[in-house]
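Number of protein chains: 6
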Amino acid sequence: MDAPLINRIGVVKRNIVRADAVARDRLTQFGSATVHEAMGRVGLLKSYMRPIYAGAHAGGTAVTVLLQPGDNWMLHVAAEQIQPGDFVIAAVTAECTDGYFGDLLATSFKARGARGLAIDGGVRDVKDLTAMGFPVWSKAISARGTIKATPGSVNIPVICAGALVNPGDVVVADDDGVVVVPADIAAQVADAAKKREDLEGEKRATLASGVLGLDMYKMRDALERAGLRYID
Amino acid sequence: MDAPLINRIGVVKRNIVRADAVARDRLTQFGSATVHEAMGRVGLLKSYMRPIYAGAHAGGTAVTVLLQPGDNWMLHVAAEQIQPGDFVIAAVTAECTDGYFGDLLATSFKARGARGLAIDGGVRDVKDLTAMGFPVWSKAISARGTIKATPGSVNIPVICAGALVNPGDVVVADDDGVVVVPADIAAQVADAAKKREDLEGEKRATLASGVLGLDMYKMRDALERAGLRYID
Amino acid sequence: MDAPLINRIGVVKRNIVRADAVARDRLTQFGSATVHEAMGRVGLLKSYMRPIYAGAHAGGTAVTVLLQPGDNWMLHVAAEQIQPGDFVIAAVTAECTDGYFGDLLATSFKARGARGLAIDGGVRDVKDLTAMGFPVWSKAISARGTIKATPGSVNIPVICAGALVNPGDVVVADDDGVVVVPADIAAQVADAAKKREDLEGEKRATLASGVLGLDMYKMRDALERAGLRYID
Amino acid sequence: MDAPLINRIGVVKRNIVRADAVARDRLTQFGSATVHEAMGRVGLLKSYMRPIYAGAHAGGTAVTVLLQPGDNWMLHVAAEQIQPGDFVIAAVTAECTDGYFGDLLATSFKARGARGLAIDGGVRDVKDLTAMGFPVWSKAISARGTIKATPGSVNIPVICAGALVNPGDVVVADDDGVVVVPADIAAQVADAAKKREDLEGEKRATLASGVLGLDMYKMRDALERAGLRYID
Amino acid sequence: MDAPLINRIGVVKRNIVRADAVARDRLTQFGSATVHEAMGRVGLLKSYMRPIYAGAHAGGTAVTVLLQPGDNWMLHVAAEQIQPGDFVIAAVTAECTDGYFGDLLATSFKARGARGLAIDGGVRDVKDLTAMGFPVWSKAISARGTIKATPGSVNIPVICAGALVNPGDVVVADDDGVVVVPADIAAQVADAAKKREDLEGEKRATLASGVLGLDMYKMRDALERAGLRYID
Amino acid sequence: MDAPLINRIGVVKRNIVRADAVARDRLTQFGSATVHEAMGRVGLLKSYMRPIYAGAHAGGTAVTVLLQPGDNWMLHVAAEQIQPGDFVIAAVTAECTDGYFGDLLATSFKARGARGLAIDGGVRDVKDLTAMGFPVWSKAISARGTIKATPGSVNIPVICAGALVNPGDVVVADDDGVVVVPADIAAQVADAAKKREDLEGEKRATLASGVLGLDMYKMRDALERAGLRYID
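Protein chains in written order, with the numbering used here: chain A, 253 to 484; chain B, 253 to 484; chain C, 253 to 484; chain D, 253 to 484; chain E, 253 to 484; chain F, 253 to 484.
Source of the hints: derived by calculation from the structure; they are not laboratory data. Careful: at least some of the hints might be erroneous.
Chain copies aren't distinguished; within one or between two, either way the pair holds.
What the hints assert, rightly or not - Okay, derived cross-link-like pairs now, SDA-like style, lysine to any residue, Cα gap no bigger than 20 Å in a straight line:
#1 470 x 453
#2 455 x 470
#3 455 x 365
#4 379 x 456
#5 400 x 262
Please model the complete structure; the sequences and the hints are all you need to start from.
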């Protein structure tokens, strides 16, 4: 049976349409929270995806991988599909926190030009990865290794940590999490993020001067209408 | 119906009795573990409340907030009630890990004189908050934003991460967790904490010299009575 | 009834056979992932065991402790059994995340020559422990203290975080986790780890030069046989 | 130091003011969801509190217990304070899922007239408890027994599974969870619950006839104002 | 900005293409495990989705709903889109275990011809739902109610419990979990499931007669090649 | 390297020493809580191991299996080693909740005389297993199937859900959990369990008559010495 591409096992798609490089790099300048807001509060991976070191911040075009539990074979297959500016998104067909990725794969990914990895599983060699400056967002850290026995897929649409990621989408990740921007709206979202960040600068200055959000956002009437009462 | 104040929704109490400022600042010099012990091993928030950066240590008088899930409106209302030396405690009426608090609110809280925040939910902009030195203890870090649609309350007694917090109580938080001291015993607890810490200094020196706790605490007889046997 | 030693409560074994000190120190030079692989992918504690500070790395011969929930009495008993080069492994008879260990015990353990602690429970005073450079791997961080009322055991075989640890085994722990090597194969595992690490150096250089793992490991045929298809 | 009653350890309060028996029994006729709504959506224990058998439904006046981790001594002390129509609420000072309660204690509680138990810990002998028809709501089921070594308290205010419970409050529990009604508003809440349930009967008939909630609740305008768009 | 449909908030799609009714009803005769296998081991919701009563088994064409945390407004909007034979799939934009669905909505859904609900959140009134025979699969059971304040969407593609569901897909759910079959392959999957089940009948008889799977599946050679050794 | 047997991968031990059949069947008459207490409160699997249907109660001699994540090959290998009166204990080398076991394997296990299964992973076909009366205790229920690619082991010592199980040990499981009794003390533990149960009968009658545990166990003095105070 010819299952729909999202779930097809055993396939590597070589030619994918990557988001525009300019839009990708503009988006990478923003934090994940800003991008997430700019896109209308969608596209965020679950909050259990944490960076392996504080201050990690990266963005790139998605090369997607679908792994089998306890098996990292497809990460090697994915390496060949990486182009400079890519960011690897690895989903697993089952919940399994083994350490699928370590310093050898990171060396290879880096040599190919990858900017980071988000994996809905475990990672290891985090001290080395930190020293290399190769940022990874993961569900777990685990020294436990994996086998290379069963094919998954590369560059099919995957659901990673609760979010749909299509190959070529823009990924932006930092201390706050990982957000995915569909390739065809990357430029628009970058514009919206820029606008949002400009506005935030003004708001920050206003709030820093002691003006309350209640007044800056003119919330007092709405709060009263919603029934909020002040007592002494 | 006039529900008891602990659960009253839609209320902001303006005048609260804050713990004595001297006691508050004395307590803030101790770690949460010491304060918790000094108070008789009570008052601790659940251990899933973690600081957003290592080394965070803060204390203040509680301004309490009750939030609705996915809604941070009341944090703006709370900002107005903050006085220098306060520490905001935010509970949520349901389990929800969204990012209720970020750098704009932190700017406002800081301008009002807040010393920190403990929130039984999520926080975002952690890189900015770390750079600002505004410490937050939370259940999660999440880029996901919230709405402003439904009132909660400010300065009512709340249950936050399993602990009852009354407005005006002293909060002490560090790497080990968050502890709450009722306002009316703040000075006594500070005394007890001081005494405990003084004793710990002596004990530390004794143990560092190689004396065993078994001997320093004279535990050998009790262990034997409890049936402990040594074998070779 | 004379229960088997693994579960015997109320016993302290004084004379244990420690792994060879040279093998122990050789093993300590490797990371937990390397040791785990060298031993055939066994012996790893569950991945919820995390170091209290990034970059922690330690190894030693196991002194084992079996604690009762909320009771750290046996850690004091264990201190006396510690010899220089030991690493304490603490299991608990029930799931309980209280802070069983803090800076006073760490002072004592350090004075006795302990190199670290892995505890399937909570720890506190993490700022002090970090300052002291005493590394701890734990399930939780909690300011909540414990009592000293019920005996457990010291130096019996224990199951800690899902792994069997015999007293005298070698423990190696770092950012990736905690692995246990049976005393009688410590030297062999150290040899295997050395061989593995030497090979990794070569592989790393090859991958860094841009050669793909697909080619370096000669995976292409096996992938094709396994049914992997490339599409455009 | 005279700590506030909520956290006082080692105290048994004998004389407590129980909610009115008529109000208690009226409330017991409703489900926990109805009571929770009638009270303004407050007073609910966390949803991890599950009944040991399907169809359990009970209500009574709270006798509260504060237990130490792995220690069920205070449940025996509590038995003496039980009067017919009471419902025992057991909190634990730390997270611990041991089996604190089994068929012997249930026999005693039943002989005293207890109607049920909610415990923020574990329970065992669930087959016997089911056969006896003694309903328990708990966080876990565990065969692991507990010791009797350290005092807690009876009939002090406790926080159980995230909710504040005062001795004498009315507890209503069923398949949906456990809700607590402050004693002084028990009759009012019973009235509100009755009103709500009467209304629900009418609504149920309307919806069963095929009328949509959109029309019955007149939601269409509000949805349009909120920006909801219909597309084909 | 015109975000892609998968994430569009505030939209109700009225005309959806439902899977063929015959294929839907054929699929419903199989268990979720059989369907999942027949489709190539894809399409399964996470295993935390549990039925509210044992023995629940239902299937239908998906009406999808995207809810906001703590807000069940869109379930009322969805009711109007239900046709006989449908099965409602409800995702939530954030993790929140409140009780979004109860007996009133179930009455309405049933009157519209719905066969079941799978919701990545909480449900309440489970005793009533069980008595009505309206099956629900959910992440939690909670008496806590929700508000009606913020629009989500109906009949857009959603990610529910880790699986992508398009409106019109076939959903099959039983004690083992919930599986989703894309509408355009429903008939093929039903064929494959039938074939599988027929084969299983023969296998079951063979195994029941005492023949080993090792022999029936002819595994002995492969096991030997994989290095399995028998010892005495 | 010849790793110690507990962790040896790729081995099937054919001749194991099973506990005495009389002791096994005597132990099976007791509940897991009674056996656990009789053995000195040891030997219990973690409380997340739950039966697939209420009222399940079984006991047998352990055939142990070590599985790889997402791979159930070894369960087929184990089937051949089952003798009437055995109970299969399946551990997994990594955390993975896939459905390793279903009705076909259960048919085979039953034909071989197995009395039950405890698996630190997932199970499926629970409706069929319930209908067959084949009891399973598991960490999860999941329709997701597994592969047959990588050897594990059969009849080596395993750690299953936190407990060490040697092949031939007696396993007793019921609604309260799963407990393991070493083969060489099975008869002694059965005697102790019998004694305990006889005593419980008397205690139950005494408590049912209204006598308090406080008096029956003569706890009042100890409570007073421990500092418990009664207040009015």
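Status of each hint after checking the structure:
| no. | hint | result |
| --- | --- | --- |
| 1 | 470 x 453 | within (18 Å within a copy, 42 Å between copies) |
| 2 | 455 x 470 | within (13 Å within a copy, 39 Å between copies) |
| 3 | 455 x 365 | between (37 Å within a copy, 18 Å between copies) |
| 4 | 379 x 456 | between (36 Å within a copy, 16 Å between copies) |
| 5 | 400 x 262 | both (14 Å within a copy, 17 Å between copies) |
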